[in-house]
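Peer 1: Take the sequences, apply the hints, and build the full model.
Residue numbers (my numbering), protein chains in the order written: chain R, 1 to 228; chain P, 1 to 228.
Keep in mind that the hints were calculated from the coordinates and are not lab data. Small disclaimer: the values here were computed from a predicted structure and weren't measured. Beta carbons are placed, not taken as given, at the ideal position from N, Cα and C, and that holds for glycine. Hints are not guaranteed to be accurate.
As the list claims (entries may be wrong) - Ranges between beta-carbon positions, derived for each pair:
1) Gln115(R) - Ser114(P): 41 to 47 Å
2) Asp160(R) - Met143(P): 47 to 53 Å
3) Val127(R) - Gln16(P): 49 to 55 Å
4) Leu125(R) - Ser114(P): 32 to 38 Å
5) Asp225(P) - Arg209(R): 52 to 58 Å
6) Gly211(P) - Asp88(R): 31 to 37 Å
Protein chains: 2
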Amino acid sequence: EIVDAVVGALAAGPLQGKRIIVTSGPTHEPIDPVRYIANRSSGAQGTAIAAALRALGAEVVFVTGPADVPPPDGVEVVRVETAAQMRDAVMAAHPADAAVFAAAVADWKVVGASQSKIKKQSGALPVLEFEENPDILAEVSKMGDARPALVVGFAAETDDVVAHATAKRARKGCDWIVANDVSPSTGIMGGSENAVTLITDAGAEAWPRMGKDAVARQLAARIADALV
Amino acid sequence: EIVDAVVGALAAGPLQGKRIIVTSGPTHEPIDPVRYIANRSSGAQGTAIAAALRALGAEVVFVTGPADVPPPDGVEVVRVETAAQMRDAVMAAHPADAAVFAAAVADWKVVGASQSKIKKQSGALPVLEFEENPDILAEVSKMGDARPALVVGFAAETDDVVAHATAKRARKGCDWIVANDVSPSTGIMGGSENAVTLITDAGAEAWPRMGKDAVARQLAARIADALV
Numbered sequence: 001e002i003v004d005a006v007v008g009a010l011a012a013g014p015l016q017g018k019r020i021i022v023t024s025g026p027t028h029e030p031i032d033p034v035r036y037i038a039n040r041s042s043g044a045q046g047t048a049i050a051a052a053l054r055a056l057g058a059e060v061v062f063v064t065g066p067a068d069v070p071p072p073d074g075v076e077v078v079r080v081e082t083a084a085q086m087r088d089a090v091m092a093a094h095p096a097d098a099a100v101f102a103a104a105v106a107d108w109k110v111v112g113a114s115q116s117k118i119k120k121q122s123g124a125l126p127v128l129e130f131e132e133n134p135d136i137l138a139e140v141s142k143m144g145d146a147r148p149a150l151v152v153g154f155a156a157e158t159d160d161v162v163a164h165a166t167a168k169r170a171r172k173g174c175d176w177i178v179a180n181d182v183s184p185s186t187g188i189m190g191g192s193e194n195a196v197t198l199i200t201d202a203g204a205e206a207w208p209r210m211g212k213d214a215v216a217r218q219l220a221a222r223i224a225d226a227l228v
Numbered sequence: 001e002i003v004d005a006v007v008g009a010l011a012a013g014p015l016q017g018k019r020i021i022v023t024s025g026p027t028h029e030p031i032d033p034v035r036y037i038a039n040r041s042s043g044a045q046g047t048a049i050a051a052a053l054r055a056l057g058a059e060v061v062f063v064t065g066p067a068d069v070p071p072p073d074g075v076e077v078v079r080v081e082t083a084a085q086m087r088d089a090v091m092a093a094h095p096a097d098a099a100v101f102a103a104a105v106a107d108w109k110v111v112g113a114s115q116s117k118i119k120k121q122s123g124a125l126p127v128l129e130f131e132e133n134p135d136i137l138a139e140v141s142k143m144g145d146a147r148p149a150l151v152v153g154f155a156a157e158t159d160d161v162v163a164h165a166t167a168k169r170a171r172k173g174c175d176w177i178v179a180n181d182v183s184p185s186t187g188i189m190g191g192s193e194n195a196v197t198l199i200t201d202a203g204a205e206a207w208p209r210m211g212k213d214a215v216a217r218q219l220a221a222r223i224a225d226a227l228v
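Peer 2: What follows is the structure, encoded as structure tokens:
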């Protein structure tokens, strides 16, 4: 009853009545029944963002790949494995007022993943042919009338972070890009802190390095400002 | 004090004084700083085997890739990520009385993994060139005088399980192969049960489907019979 009361209280925030899609975690793209290609993503930042939006009263649809951290309480959880499944889950979650694409979606999948285990034979190495995965951020950004009012993408970069992220924003047609430097030397990937740059139509705004929970609360507050 | 007493009591089992290397979990082979190739492995079976050997009194060196389940208590834990790191950790753990290679080691690694994130550009797909990873099972099986008295490999197969596993035992030069069918339809991968066939010089011995803990206890008892 105490929990219900708290949830009820939280739901009365500035985002009450707003439906927001949040993606999180990596995707796994099968090579064969025992092998896959993955992106490094603990799901920590996406999970924190979903929790922060929920805390401001939003109705959150949380579409998550196989993440290390459990989903937050109080959100609708949709579990997926591949980029194609994540795309379908996102499209099924519309209409929404905003969409925040924090998942580290694989850009490519293996063409014709093998139904049986590829055998290791001396001298014979596998040849993997790739094809592009669906581009969920671009597709949602260009949905036309059904497009969420605010579409937020993420850019995990290892060099020229602001330049790459600014170009990505223009190319995808989204409203904001949350960019970060995931070079191994930053310790951000898998860590508890993040140092992000928010790219909007007003330019690039570097936020100080802070905990992933604090990044999430600040981003949720900005989303509330934009939507309300 | 109660815990210490229990550990002391367990350490007095039939494997007291025996040093056993156990590998567990998947390996992750980097493609670039944000992408990697992995084998599906929760680490559940390897972890259960290490715990069962410890319960019979063995001194266990537990070399584990990034697994879903935590390592057991009472063992020496060595954490690795790639197959090359696992090989080095295993070689450093000798001499040992037995070695149980339950890890799902990637057969291949990417040649010249990129130090920066491979960019997605329209029409340009990545070309991944592979090379073979070290074959830890074969290398340890052929160590000569320093070879553990008992070397146990695993074979995760999706078809012709016994034939593939019997051929693997002969090719690698190990003593036993624990073979299992990891076809998606079996539900074994990621599940709590396992159905294994033990391949020895006496032939193939199919064990009934049982919990992974029960498989581990039965295997540990057989290892104790073989070593003592």
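Peer 1: All the hints need checking, so say for each whether the structure fits it.
Peer 2: Structure-based check of each hint:
1. Separation of Gln115(R) from Ser114(P) is about 30 Å and departs from the stated range, judged on CB atoms against 41 to 47 Å.
2. For the pair Asp160(R) and Met143(P), the beta carbons lie near 48 Å from each other, so the given range of 47 to 53 Å is met.
3. Checked against the hint of 49 to 55 Å, the C-beta distance between Val127(R) and Gln16(P) comes to roughly 50 Å, which is consistent with it.
4. In this structure the hint that Leu125(R) and Ser114(P) lie 32 to 38 Å apart at CB is violated, the actual value being about 18 Å.
5. Judged by the Cβ atoms, the range 52 to 58 Å given for Asp225(P) and Arg209(R) holds: they are separated by roughly 57 Å.
6. Between Gly211(P) and Asp88(R) the beta carbons are some 35 Å apart, a value that agrees with the proposed interval 31 to 37 Å.
Hints 1 and 4 from the list above are not met by this structure, while the remaining hints are.
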